[in-house]
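Quick mapping for you: the protein sequence lines, in order, are chains U and H.
Residue 224 in our numbering sits at position 224 of the first sequence; the count goes up by one each step and never skips.
Residue 91 in our numbering sits at position 91 of the second sequence; the count goes up by one each step and never skips.
For the record, the hints were derived by calculation from the structure and aren't laboratory data.
Worth double-checking, as some hints may not be accurate.
Just some of the chain H residues that point at chain U, by a computed CB distance under 10 angstroms [stated by the list, open to error]:
hint: 1; residue: VAL60
hint: 2; residue: VAL71
hint: 3; residue: MET76
hint: 4; residue: ILE90
hint: 5; residue: VAL120
hint: 6; residue: ARG123
hint: 7; residue: LEU414
Derived DEER-like restraints, expressed as beta-carbon distance ranges [claimed, not checked]:
hint: 8; chain 1: U; residue 1: ARG251; chain 2: H; residue 2: ILE178; range: 58 to 68 angstroms
hint: 9; chain 1: H; residue 1: TRP9; chain 2: U; residue 2: VAL139; range: 23 to 33 angstroms
hint: 10; chain 1: H; residue 1: GLN157; chain 2: U; residue 2: ALA144; range: 23 to 33 angstroms
hint: 11; chain 1: U; residue 1: LEU195; chain 2: H; residue 2: GLY386; range: 28 to 38 angstroms
hint: 12; chain 1: H; residue 1: SER410; chain 2: U; residue 2: GLY141; range: 31 to 41 angstroms
hint: 13; chain 1: U; residue 1: LEU195; chain 2: H; residue 2: ARG208; range: 50 to 60 angstroms
hint: 14; chain 1: U; residue 1: ASP36; chain 2: H; residue 2: LEU417; range: 41 to 51 angstroms
hint: 15; chain 1: H; residue 1: GLY260; chain 2: U; residue 2: GLN286; range: 25 to 35 angstroms
hint: 16; chain 1: U; residue 1: ILE237; chain 2: H; residue 2: GLY37; range: 44 to 54 angstroms
Glycine included, C-beta positions come from ideal geometry on N, C-alpha and C.
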Amino acid sequence: MMTTLWLAVVLLCLVMYVVLDGYDLGIGVATLFERDDDRRRSMLELVAVAWDGNETWLVLLGVGLWAGFPVAFGALLPHAYLPLTVMLLALAIRGVAVEMVSQRPPGHGWVRAFGVASLVAAFALGFTLGTLAVPIVLVNGIPAGGPAAFTWFSVLTGLVFTVGCTALGFGHLVHKLSGEHRRTAARGGLAASVLAAALFVAVLAASGVTEAPLDLATPGRVAALVGLLAFVAGGAIAAVVGFARAARHDRPDRLPTMALAVSVVAAFLSLVAAHYPYFAPGLTVQAAVGPHNTLVFLLIGIGLNIPLVLGYNVFAHHAFRGREHTEATEERTVA
Amino acid sequence: MSLLDLSRWQFAITVMFHMTFPAITVGLAIFLSIVYGMYWRTQNPSYLQMFRFWRRIFAVGFAIGVVAGTVITFQMGLNWGVFGARTGAIIGPIIGMEVVTAFFVEAGFIGVMLYGDGRVGHRTMFIATVMVAIGTILSSTWIIAANSWMQTPAGFQVVNGFFEPTDWLQVIFNPSFIWRWPHMLAAVLISASFFIAGIAAWYLIKNRSVRFAKQSLSIALGVAAVLMPLQLFLGDQVGGHVLGAQLSKLEAVEGNWQSGNTSFVLFAIPDQETARNIAQLDVPCLGSYILKDLSCSSAPPGLDATPVADQPSMAATFWGFRVMFLGAVLMFSVAFVATTLRLRGRLWSSRRFHRVVLIAAPAGILATLGGWVTAEAGRQPWVVFGYLRTADAVSQLSPPEVVFSVVGFSLLYLFLLVAYIAYVVHTVRVGPERDDPRRPPEPTPGADGVGVAALDGVAIPLDEDGEVTLR
C-alpha cells in the first residue's frame with residue numbers, strides 16, 4: 001500500500017515534469033524554427049520566469065526514485081549513462097543561457113545555445129525512456145552493470161518525446177503570444193501534434209518487438225490501457241482542433257495546452273499501466289522498494305509538502321499570468 | 001587511472017564547481033533580503049540601487065549553482081549506483097526534503113525576485129526575496145545533514161548490505177552535523193561578504209559610485225567582523241569533533257606520518273607511496289599548543305596509527321586544510337584591520353587597504369572549497385565512514401562512458417566558470433549607475449547595448465523597471 005502510494009508520488013513528479021518542462025523545452029526547440037531575433041528573445045523570456053520551477057520536478061523525480069526505490073535508481077541511471085549525461089550537459093547549458101540572455105542583453109550566442117540545448121535535452125531524455133525496454137541485471141539485489149542499453153527503440157522514443165515537447169511549447173506560445181507570431185506558433189503546433197501522435201502509435205506498435213512488450217494478460221489491464229489511450233487520442237484531436245482554430249483567430253487560447261497536457265499524461269500512464277510492476281525487464285517495484293521506515297518518512301515529510309510545492313508552482317505562474325508582458329513590450333515599442 | 005579514479009575525479013570536479021556558487025549566492029540572498037527590506041521601510045532609492053546591482057551578480061550565479069546541483073543529484077546514481085542503491089533509503093529522503101523545502105521554494109519565488117521589480121508590489125518582492133534566502137539556507141542544512149551522516153553515520157542498521165534507517169532524528173542530527181552546520185553557514189556568509197567587499201573596494205579605488213560602494217563595503221565588512229571570530233571558534237569545535245570521530249582524517253590534516261612530532265607542520269609535500277614527507281616546514285611546539293598543552297610535550301598522532309588500507313590521501317587532506325586555514329587567517333586579519341580603521345575613521349581613505357580587500361575577494365570561496373576537500377578527501381577510503389568503501393560504491397560502467405562524461409563535464413564547467421567571471425567583470429565595469437532609480441532614463445542607445453535592447457521592443461525587465469518607477 002505504502003509502496004503504491006510512493007510510486008504514485010514518483011509518477012506525479014514524472015507527469016508534472018513532462019508537462020511543465022515539456023513546454024519550456026518545446027519553446028526552446030521552437031526558437032530554432034524562428035528567424036526573427038526579437039521573437040526568439042520574447043519566447044525565451046517566457047521560459048526565464050519558469051524553467052527553474054519546472055526543472056525541479058525532474059530533480060524530485062530522480063530523488064523520489066532514489067529515496068523510495070534505491071535499487072531502481074542505482075540500476076536505471078547507469079543503464080542510461082550516456083543519454084542522461086548528455087541530457088544533464090544540455091540542461092546545464094540551457095539554464096545558464098536563459099539567465100545570461102535575461103541579464104545581459106547582447107548575447108546572440110546564448111539564444112542559439114538555448115535552442116540547441118533544449119533540443120538535445122529533450123531528445124536525450126526521450127532516448128533515456130527507451131532504455132527502460134532493455135533488461136536490467138541484479139546480483140544479490142545490487143545493480144551489476146552491463147553493456148550500454150542502446151537500441152533503435154530509444155531513437156523512436158527520443159523522437160516522440162522531442163516532438164511532443166515541441167507541440168507543448170507551441171501550445172504555450174499560442175496562449176501567451178499575439179498577432180502574427182501567434183499564428184505561426186499555431187501552425188507549428190498543428191504539425192507537431194499530428195507528428196507526435198503518429199510517432200506515439202509507432203512506439204506502441206514497436207514496443208511489441210522489444211523485450212518490454214505491452215502486458216495485456218488480464219481484462220483489467222486491457223480496459224485500463226484502452227481507456228487511457230482514448231484520452232490520449234481525445235486530447236490529441238482536441239489539440240489539433242485548438243491549434244487549427246488558433247491559426248485563424250487572435251484570442252488567448254488555452255485549449256491546445258490543456259488538451260496536449262491531458263494527452264501526454266494519459267500517454268505516460270498508459271505505458272505505466274501496460275508494464276506495471278516492472279520499471280524495466282528484470283526489475284520490479286517490489287525488488288527495488290526501500291524499507292518501511294523510509295516510506296513512512298517519505299510519505300509524511302515529502303508527501304505532505306507536495307500540496308505546498310504545487311502552491312509555489314501556481315504562485316510562480318500566477319505572478320506573471322496572462323499576456324501582460326508581451327503587451328507591455330508592445331506598448332513600449334509604440335511609445 | 002582506474003574507473004574508480006575517473007568517477008572520483010568527476011565527482012570532485014562537479015562538487016567543487018557547484019560549491020563555488022552557493023558560497024556566493026547563499027550570503028548574497030540574505031544580503032539582498034536585508035537591502036530590499038531597508039528599501040521597503042525607508043523608500044531610500046540607494047537601497048533599491050544596491051538591490052538591483054547585486055541581484056545581477058546573484059541571478060546568474062544562482063542559475064549555475066542550480067544546474068550544477070542537478071548534476072550532482074543524478075551522479076549519485078550514474079557514477080555511484082551501488083552507493084545509490086545501498087544508502088538510498090537514508091540519503092534519498094534527506095535530499096528529497098531538500099528538494100521540497102528548498103529547491104521548490106527557491107524556484108517558486110526566484111522568478112518574482114528576479115523579474116518582479118515594477119510588476120509586483122514591494123511587499124511581494126520582499127517576501128519573494130526572503131523566501132529565496134530561506135530556501136538557500138534550508139538547502140545547505142539538508143545537504144550538511146546528508147554529508148554529515150556519511151562522515152558520522154548514526155540511527156541505522158545494515159541489512160544484507162543495505163543501509164536502513166532506525167531512528168530518523170539520529171540520522172539527521174548525527175554527531176558531526178551539530179558543529180558542521182553552523183560552520184558551513186558561517187563559511188558561506190563570510191565568503192559572500194568578502195566577495196561583495198572586494199567588488200565594492202574596486203569602486204572605491206576607481207572613485208566610482210562612491211556612496212554605493214561605501215554602503216556595500218560597510219555592510220559586508222561589518223558582517224565579516226562579527227562572523228570571523230565566531231568561525232574560528234566553530235572551526236575549532238569541528239576539528240575537536242574530528243579528533244574524536246574520524247582520527248584518520250585528523251592525522252592526515254596534521255601531516256605527520258609517525259607520531260611524536262610536537263611541531264605544527266606548516267608546509268609539506270607528502271608522498272603516500274613511501275609514507276614520508278619529501279619536504280616539510282615545522283613551527284616548533286605549535287602542534288602541542290593546538291592540543292591545548294603549553295608544555296610542548298603533547299604530539300598529534302601520525303598517520304601510521306591507521307592501517308594502510310584505511311588511510312586517506314595525506315596530500316589532499318593536508319593541503320585542503322591549509323588552504324582553508326590560511327584563508328581564514330587572512331580573512332580574520334582583514335576583518336580585524338577593517339574594524340580598527342573604521343574606529344579610527346580611516347576606512348574610506350586607506351587606498352592600500354582597499355587593494356587588500358579587492359585581492360581578498362575570492363578568499364572565502366577558496367577557503368570553503370579547501371574545507372570541503374579536507375572533509376571529503378579525509379573521509380577516504382570510505383564513502384560512509386567505517387561502513388562502506390568508496391571502491392565498493394562505484395557503478396560498473398565501461399571506461400569510455402566515464403571518460404566521455406569526465407571530459408564533457410570538465411569542459412562545461414570550465415566554460416561556465418569563464419562565462420560567469422566574464423559576466424561579473426562586465427557587470428562590475430558597467431557599474432551600479434544604471435541601477436540607480438534616481439537616474440533619468442537614457443533617450444539614446446547605451447554603449448553596452450542595454451538601451452538598444454530596450455528600444456527595439458525586446459523584453460528586458462531589469463532595465464525597464466527603472467523607467468517604470470519613474471513614469
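Problem - Numbers of unmet hints, in rising order - result: Hints 6, 7, 11, 14, 15 not satisfied by this model.
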